[in-house]
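> Residue numbers (the working numbering), protein chains in the order written: chain R, 1 to 81; chain F, 1001 to 1081; chain C, 2001 to 2148; chain E, 3001 to 3148.
I should point out that these hints are in silico values taken from the structure, not numbers from a laboratory.
Mixed in with the good hints, there may be bad ones.
Selected chain F positions facing chain C (Cβ under 10 Å, derived; list incomplete) [said to hold, decoys possible]: (1) Ala1007; (2) Glu1011; (3) Arg1037; (4) Gly1081.
For each label pair, taking beta carbons as the anchor points, the in silico distance ranges come out as [claimed, not checked]: (5) C:His2039 to F:Glu1011: 13 to 23 Å; (6) R:Gly68 to C:Lys2137: 25 to 35 Å; (7) E:Pro3053 to C:Ala2142: 43 to 53 Å; (8) C:Glu2066 to E:Leu3144: 21 to 31 Å.
We put the beta carbon where it would ideally sit given N, CA and C, even for glycine.
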Amino acid sequence: MDVLYFARVRERIGLPRERVETDAATVTDLVEELRAREECYAAAFADLSALRVAVDQELTDFDAPLAGAREVAFFPPMTGG
Amino acid sequence: MDVLYFARVRERIGLPRERVETDAATVTDLVEELRAREECYAAAFADLSALRVAVDQELTDFDAPLAGAREVAFFPPMTGG
Amino acid sequence: MRIEVQEAPFDFAAEVARFEAGLAGMGAVVTFTGIVRDHAQGGLQVMEIEHYPGMTAQAIEKIAGEALARWDLGDVLVIHRYGLLTPGERIMMVATAAPHRADAFAAADFLMDYLKSRAPFWKKEITERGADWVAAKDADEAALDRWT
Amino acid sequence: MRIEVQEAPFDFAAEVARFEAGLAGMGAVVTFTGIVRDHAQGGLQVMEIEHYPGMTAQAIEKIAGEALARWDLGDVLVIHRYGLLTPGERIMMVATAAPHRADAFAAADFLMDYLKSRAPFWKKEITERGADWVAAKDADEAALDRWT
């Protein structure tokens, strides 16, 4: 699936998107896999309460299942308006 | 003092303003004097709950004293905006 | 603060541009525009707005002054017409500017509630079937309780 | 409903004129404009707004659709910019039209609260001292409770 990063998360990880092969069942499982990769991922995902997630471009929570998902995006709380 | 009428009150009484010589102590006293004049005044002042009053261009209530007042205006509830 | 009570139409775009030109450090601008509406029954030809010339501007200034005292605002603009208006015409406008959106919204909402029930204007609707004064609504009077 | 997510500046006056031209029977129009504000500390040179291109427009449509379902509205317009903006520039605008003012105000207020915390935009401030992301405020998240 495609994993996208925005704002501070993008800066910490150092790229805006990447292709990830995973069998993660939920967003939390995917986060665990990413955290295990490198220090910059561990830092980016250190505090999930400060992160938001969208699956297939819909806001959701970290319990959300990933079955059939094509795109997961991680980002800080939004500051629109 | 000058007594002014607006909107439906003006139409009922048939004039927009008049000079009234009075010793009325309060707005209510003035209303009693006006009511006693003619049928059209009695009709205009029949229901005080449907009227508003301003003394010297400040909204007030019917208990307000008239000592020193130069201008009293009667009108229906306002419909601005 | 700028208050205009006038018979002539106003140019909304030009008024907002002028209002914004005078601002510095404001993050939020809210405007309200009141438009003469043809009612469901239809047939509104003209709306006639009467006012109390000696009192109107100062009554609005008092309301606007209260808004400036209650919220953190950069500026307030109120323009209100009187005389004869046709459906679709702008009756009045309010603009508020504030550092933060909550103040701009609350102040504009407050101004409208008070202008509706405390500024000396009276509306009359002239339809094919005759002319009648617009009745004040209980809901408009009740809306003032939100601010006390 | 019209939603625009764009890098280019927009002409507020022209957008409001276009919005109003499409209305019939609406008595109330409320607009909100968000402006890049230089902060008390000063020194803001540029605001950079990042967004999530695939998601932004549909997220705003969903928010606007909810407003249309909750209130008696004639129309809703949302324009939101991204990219580089300088102090004093308009970031975004919302317009709502309704037969009655309470609906127009509530819907605009609701739209702003949701756009603030639920539309995928992130603001970064570039000052003389460096660049930093604008932190989301607890008060903005709490404001959403007003609508549930």
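> A separate judgement is required for each hint: does it hold in the structure or not?
We went through each hint and held it up to the structure:
no. : hint                               : result
1   : Ala1007                            : 4 Å, holds
2   : Glu1011                            : 9 Å, holds
3   : Arg1037                            : 23 Å, violated
4   : Gly1081                            : 4 Å, holds
5   : C:His2039 to F:Glu1011: 13 to 23 Å : 22 Å, holds
6   : R:Gly68 to C:Lys2137: 25 to 35 Å   : 53 Å, violated
7   : E:Pro3053 to C:Ala2142: 43 to 53 Å : 46 Å, holds
8   : C:Glu2066 to E:Leu3144: 21 to 31 Å : 29 Å, holds
The structure does not agree with the numbered hints 3, 6 stated previously, though it agrees with the rest.
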